[in-house]
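Undergrad: Given chain A's structure and the hints, the job is docking chain B onto it.
Protein chains: 2
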Amino acid sequence: MGDQNNLIPGPSPRVLEKLVVPKRILLGPGPSLVDPQVLEAMACPLVGHLDPFFLQLMDEIQESLRYTFQTRNRLTLPISGTGTAAMETSVVNMVEPGDRVLVCVNGYFGSRIAEMAARHGGDVRTLQRRWGEVFTPTQIQEAVDEFSPKVVAIVQAETSTGALQSIEEITPIVHAAGGILVVDAVTSLGGVPLRVDEWDIDVCYSGTQKCLGCPPGLGPITLGPRAEEVLHQRKTPVSAFYFDLSLLSKYWGTERMYHHTAPITANYALREGLRLVAEEGLESRWSRHRRNAEKLWDGLEALGLRCHVEKPHRLPTLTTVVVPPGIDDLQVRRRLLEEYAIEIAGGLGELKGKVWRIGLMGYSSREENVDLLLDALKNLLNK
Amino acid sequence: MGDQNNLIPGPSPRVLEKLVVPKRILLGPGPSLVDPQVLEAMACPLVGHLDPFFLQLMDEIQESLRYTFQTRNRLTLPISGTGTAAMETSVVNMVEPGDRVLVCVNGYFGSRIAEMAARHGGDVRTLQRRWGEVFTPTQIQEAVDEFSPKVVAIVQAETSTGALQSIEEITPIVHAAGGILVVDAVTSLGGVPLRVDEWDIDVCYSGTQKCLGCPPGLGPITLGPRAEEVLHQRKTPVSAFYFDLSLLSKYWGTERMYHHTAPITANYALREGLRLVAEEGLESRWSRHRRNAEKLWDGLEALGLRCHVEKPHRLPTLTTVVVPPGIDDLQVRRRLLEEYAIEIAGGLGELKGKVWRIGLMGYSSREENVDLLLDALKNLLNK
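Chains A and B, in that order, are what the protein sequence lines are.
FYI, the working numbering numbers position 227 of the first sequence as 227, with every residue one higher than the one before it.
FYI, the working numbering numbers position 348 of the second sequence as 348, with every residue one higher than the one before it.
Hints in this document: simulated from the structure, not taken from any laboratory.
Among the clues, some could well be false.
Given that identical chains are not distinguished, each listed pair holds provided it fits within a single copy or across any two copies.
[Claimed, not checked] DSS-like, lysine-lysine: derived pairs with alpha carbons at most 30 Å apart: (1) Lys-150 - Lys-235; (2) Lys-250 - Lys-352; (3) Lys-250 - Lys-18; (4) Lys-23 - Lys-250; (5) Lys-354 - Lys-250.
On a predicted model such as this, the values are computed, not experimentally measured, just so you know.
Extracted from the complex, chain A is given alone in its bound form (with noise of 0.2 Å):
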């Protein structure tokens, strides 16, 4: 076993000192803040992934996640990682090599959804739109027409421009041309209308360091029926075990069969947050997103400042302003976390140091919040 002077040496003297972790208030694109309570949820003690208070508490998420996303699917669970895996799980289940998928791109995500088509096989064709406009049908379906897609990919909430995208004229389109739709509703579930049975969607994704005031940990997931009937028609194995919907579905359904370890105390977590927008109730909650949002709106406009998205099509969890002129992007951001404690965001990819991207998202989506950032900018903007 050899003795201690064997030993590569510990880390350094900081590592060994005890967590102590600064207090913020978080404004940016996500993570958003946690409720108290979810937090207090995570403290709780270890159970194991099969004992059966732990099996109850999988089937109260799953009730929980389905009125959350307005569904009946059977197949609605969280992926045991963020936002992006479930992004992924959609695409490597929905997608073999060869199929044609139409992603919308007019954002980040868009851009990524496509990657990820791509790696896994996918005869990809991206409809474009500039970053921060929408989608309009007549443009989906001149695309669809064209290219007769399998899978149709598209963005409800973008989070990179902070635009909201209308999905219900688009699902009948996509459905009368054979297609299944999968919408990505990182930013916008529990924060922003979204009715996945309603609207007919086939495959609808999320995370929960959103709006639902979680930490991030974890990616809600939920197929229709169409999209079942894609999973059992498959040809070819899903390259991803992690990822694979078949063997998710046996473990978070009556068989139980091991798949992997969930994440235990996140999903504590989870349990809660979602009863928290249970008890708030989803058309409460979307209100008083957006009737912060539009404070916030109000607010930023009385000090001059100028949103990047049409109003029509504004996300309200999530909104990009356009940087003033002679005004230093990172040294206004800089000095809102270490004056005070504010967290915003700056611009991704193509709106990189041209847009603030300020998140109302979850326990963060409160009227005091607003003040305290409009405050805040009003006196570092000298306004």
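TA: What follows is chain B alone, placed relative to chain A:
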């Protein structure tokens, strides 16, 4: 937006009650018990994943992981998924379609590596041993000579059988033939001697919920120079974006290139779990695990119970005990849980119904837990 009446109704009353978690003594194959200091860390408020504080925490985790793995490998980080995700990360990054992969299978998790390698297009050959036995260098040598694999994968600590595989004689065999060695250390990291650099292991991965005393949800992994070279020489992109180590190393490296949102609180927990590993010291920790295991083995023997694995190859962190003839496997486990709040597990795969699996890992590896279990077994088996 519709009105309340349009909504699919919320979850049942039970789900609307606040979470109350039962107390368990976790002596199964994982998750194991979590140190109260780690649980406390999980209740800390969130910071952003690009917050300077979190970036420093990421560095601290990498530093502590290097110590725990006993390596100086640059590419050492936690995958944002469970141990299964880390396993798949190893496979998908090292194996390209058509690559020869030799997988040593003497239990459930060996089979799983083989399945993943096949899904990702590997030309897979398995080397088999009975469940509970280990591989000799001679066997590996013969298989390597015959098959000339690019990748050899082996499990150090088979959670399904309780066998401890010796690794250090195997690396020179694999390297002499120009291959790289992937080692599964899910049930050994932090509990059983493991020296990645000294033993010259190329890829090694683990989970957080075993000997590190954290909740499940992260999968530590480390890659040595040969494995990094394989990564750079790839001709095809890694199919899974989420597991692409070239991208992940830029997120965890100085570039801080956005890839996904790291699970913040799971990383708080890992930071604290690893701090406690360093505080205890690796060799003391290894000794503690062995000491408690030996106490368990002696106690089981005194009760007339037989271990499934021969003593020289027995894993200190996970013990498989033969279910005595005439004893109802399930009933004993149910009574242990219900009457004593102790969780142990049944057999997996070909050992199903034949053994119990008793884990003494991380915070669960304590003398009093061994006593509690032995007393309970004595009562339940009428010894």
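Undergrad: Evaluate each hint against the coordinates.
TA: Hint check results:
{"no.": "1", "hint": "Lys-150 - Lys-235", "result": "both (14 Å within a copy, 28 Å between copies)"}
{"no.": "2", "hint": "Lys-250 - Lys-352", "result": "between (42 Å within a copy, 18 Å between copies)"}
{"no.": "3", "hint": "Lys-250 - Lys-18", "result": "between (40 Å within a copy, 27 Å between copies)"}
{"no.": "4", "hint": "Lys-23 - Lys-250", "result": "between (40 Å within a copy, 27 Å between copies)"}
{"no.": "5", "hint": "Lys-354 - Lys-250", "result": "between (46 Å within a copy, 24 Å between copies)"}
Of the numbered hints stated above, none is contradicted by the structure.
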